[in-house]
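*Asks:* Protein chains in written order, with the working numbering: chain A, 257 to 634; chain B, 829 to 1121.
What the hints contain is simulated information worked out from the structure, not anything from laboratory work. A portion of the hints provided could be inaccurate.
[Unchecked claim] Calculated lysine-lysine pairs in the DSS-like style (CA-CA distance at most 27 Å, straight line):
no., chain 1, residue 1, chain 2, residue 2
1, A, K295, B, K915
2, B, K959, B, K1003
3, B, K1028, B, K1010
4, A, K624, A, K267
5, A, K533, B, K926
6, A, K624, A, K340
7, A, K340, A, K421
8, A, K340, A, K566
9, B, K1118, A, K424
10, B, K891, B, K959
11, A, K501, A, K295
12, A, K421, A, K501
13, A, K295, B, K991
14, A, K340, B, K1118
15, A, K424, A, K502
16, A, K533, A, K339
17, B, K915, B, K1003
18, A, K339, A, K502
19, B, K921, B, K884
20, A, K501, A, K566
21, B, K921, B, K1038
22, A, K339, B, K1118
23, B, K891, B, K1003
24, B, K924, B, K1068
25, B, K1118, A, K421
26, A, K340, A, K632
27, B, K959, B, K1037
28, A, K424, B, K1114
29, A, K339, B, K1008
30, A, K339, A, K632
31, B, K1114, A, K340
32, A, K295, B, K1068
33, B, K1008, B, K915
34, A, K421, B, K1114
35, B, K1038, B, K1028
36, B, K1038, B, K1050
For clarity, every value in this text was computed on a predicted model and none was experimentally measured.
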Amino acid sequence: MLEDTRYEVVKGRIFTKTFMIFTFFVALMVILLGIRFFKGLGAVTNLSDGYPWGIWIAYDVVVGSALGCGGYALAILIYILNKKEFSPLMRSALLTGALGYTMAGFSVIIDLGRYWNTYGFFVPSRWNPSSVLFEVAVCIMAYTLVIWVELTPAVAERTGWDRRKVEKVVMIAAVLGLILPTLHQSSLGSIHLISLGKLHPLWHSGFLPLYFLSSVILMGYAVTSAESLLSSMYFGRPYETPLLKKLTTYMVYIGFAWILMRFLELLLWGKLPLVFKSGLYSVMFWIEIALFLVPSYMLWKLRGELTPRKIFVYSIIYLFAGALYRFNVYLIGWNPGDNWVYFPSFMETLITLGIISFEFLIYLAFVKTFPVLPAKEV
Amino acid sequence: MAEEKPKNPDRREFLKKSAAVAGATLLPGMIGAKTHYASDEWYAMLYDATRCIGCKSCTVACKRVNNLPPETEYDGIHDMAMDLSAKTKTIIKLYKSKNGEFSFVKRQCMHCVHPACVSACPVSAMRKDMKTGIVFWDPSRCIGCRYCMVACPFEIPKFEWDKAIPHIVKCDMCKDTYLKEKGTTACADVCPTGAIVFGKRYELLFEAKKRIREHPERYHPKVYGERDAGGTSVFYLAPKGISFEDLGFPDLEESPARISESIQHGIYEIVIPPFLTVGALYLVLKRSKKEED
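Starting from the given sequences, assemble the full structure and let the hints guide the process.
*Replies:* Right, here's the structure in full:
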């Protein structure tokens, strides 16, 4: 299993300048959250009866958890397709995932108007299996736990816990780590099946769960590549270029397949004229498609001669593609009526920035405390 | 662990068979969305736009009975709600066409037959009383996720954005107030022209169709709510020449909850079992191979 790979702790102080900048944004968020909890959601957000969900859901939860799917996407390669060579990337991908999911959960609590009733998810008489959000909530809670369990070997290596015991639990976690994201990441698309009539037909489709699931796997590989290159650069470590080159192949496959599926559906359901006739929606649709197409084409064309910089750039474009697709479904293509508008407020955006900063903070502290990044070849 | 008992072949056979029977009866019922039927006994309301004079007595009565504050943001001396809100559960709007034809329209919760809000609510805080058909909100369960607002095709549930302890607000047919005391809704009771009628669902549907039949020159030929969005318990009659889309109603053949539930259930019941089966087989094969080695 993963244990063939060697990992190491990054050396260096935790409290660096970068660390302090992130701390500043986190502090700012704490103050703003005080306003949110004492004065209500309206005091800090631009949410309205027309747009009950804003960037805290579209970005922090939906995109945020998608960015946390690196571990899941790699697990498909490693455990199902048996490509063990990707194991060195796994642990840091799991860390990003654990942080992404924990922060997504944190954002949900901030966003929930009546958070004190959340215990209802553990009261069977309140369960509503018809609700897509019920499934999403339960799966995300469970997966957040699972992903931290998957990280325990890193802690065990440092603290000297019994490895055998840990491995057994981790095996179960690994299986759940394959099932749970498949369920809830597709369901994050299914959530808007019920927006029939509100979500523009360019996005409303029975294939929403499939589009969300396939693009999240793509985003998982992209975020793993970007994160690996970024941490190599920041900590002055060697780039994992050969491994990441292989990973781009899978991104290209999914990228092209995704665009093909999208157009095939529009064609078969007779929605193709909408791609030109829908004004702003058409523009957003084409930007979304371009963001998927450009990196797929370029990565395919450059196959042999990919440099770390190019892999990084195209991975980031893929992340924007997946993020824009999610924004299109959750906000831009979602129209409750022309008398409503939504654009995030300054404070709302600062809270999101605070959450992202918090993620970076923990990442930096974690990799300097526990062995997460692949060990340098000696 | 208990001692291994010799297994009774008859009993095993019986268990197998009963499992098969249970599976065969349960599975078809679980696949796809349930069909939702309206009960004749459900409470309902009929709004006849040709009788409404726009006096807004209904809005005032609703606020008085249900303890809702006025909305005086406009100039400080008028209760002037522009739309339904957390302070206004019902409102009279006016539609005016380019050629000057106009019609009032009352808006409030439609108390759908297959409500999207109820289907969406993850913690069953939004429920439909199957005796009365009333769709109501339960503050003891609500987590404030606002998925009901996202899901509702009529934009009905509203949220108290300015409160630290916010409520979801929508019409509940005066279930705990006027209906309890007087046996009708406040808006229907005060309406001076009989534009709003409270009654049983089947009676009102019959009445609505009768009005169209007797005065086809006066009415739009359709009763909105009979089948729209999967059927509602609030029916609308529009004046001839004005469509329901003009009055702000969505053109939905079925409840949005239907597509959501059928795909969601479909994924669970049609896609997942084969994967689980393949997975289980794989594990069995792997194990037996290990034993061979």
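*Asks:* Work down the list of hints and note, for each, if the structure agrees.
*Replies:* Structure-based check of each hint:
no.	hint	in the structure
1	A/K295 / B/K915	holds, 17 Å
2	B/K959 / B/K1003	holds, 12 Å
3	B/K1028 / B/K1010	holds, 15 Å
4	A/K624 / A/K267	holds, 6 Å
5	A/K533 / B/K926	holds, 25 Å
6	A/K624 / A/K340	holds, 26 Å
7	A/K340 / A/K421	holds, 23 Å
8	A/K340 / A/K566	holds, 25 Å
9	B/K1118 / A/K424	holds, 18 Å
10	B/K891 / B/K959	holds, 26 Å
11	A/K501 / A/K295	violated, 50 Å
12	A/K421 / A/K501	violated, 35 Å
13	A/K295 / B/K991	holds, 6 Å
14	A/K340 / B/K1118	holds, 20 Å
15	A/K424 / A/K502	violated, 30 Å
16	A/K533 / A/K339	violated, 45 Å
17	B/K915 / B/K1003	holds, 17 Å
18	A/K339 / A/K502	holds, 11 Å
19	B/K921 / B/K884	holds, 9 Å
20	A/K501 / A/K566	holds, 10 Å
21	B/K921 / B/K1038	holds, 25 Å
22	A/K339 / B/K1118	holds, 21 Å
23	B/K891 / B/K1003	holds, 14 Å
24	B/K924 / B/K1068	holds, 13 Å
25	B/K1118 / A/K421	holds, 22 Å
26	A/K340 / A/K632	holds, 18 Å
27	B/K959 / B/K1037	holds, 24 Å
28	A/K424 / B/K1114	holds, 18 Å
29	A/K339 / B/K1008	violated, 67 Å
30	A/K339 / A/K632	holds, 21 Å
31	B/K1114 / A/K340	holds, 18 Å
32	A/K295 / B/K1068	violated, 48 Å
33	B/K1008 / B/K915	holds, 21 Å
34	A/K421 / B/K1114	holds, 23 Å
35	B/K1038 / B/K1028	holds, 15 Å
36	B/K1038 / B/K1050	holds, 11 Å
Hints 11, 12, 15, 16, 29 and 32 from the list above are not met by this structure, while the remaining hints are.
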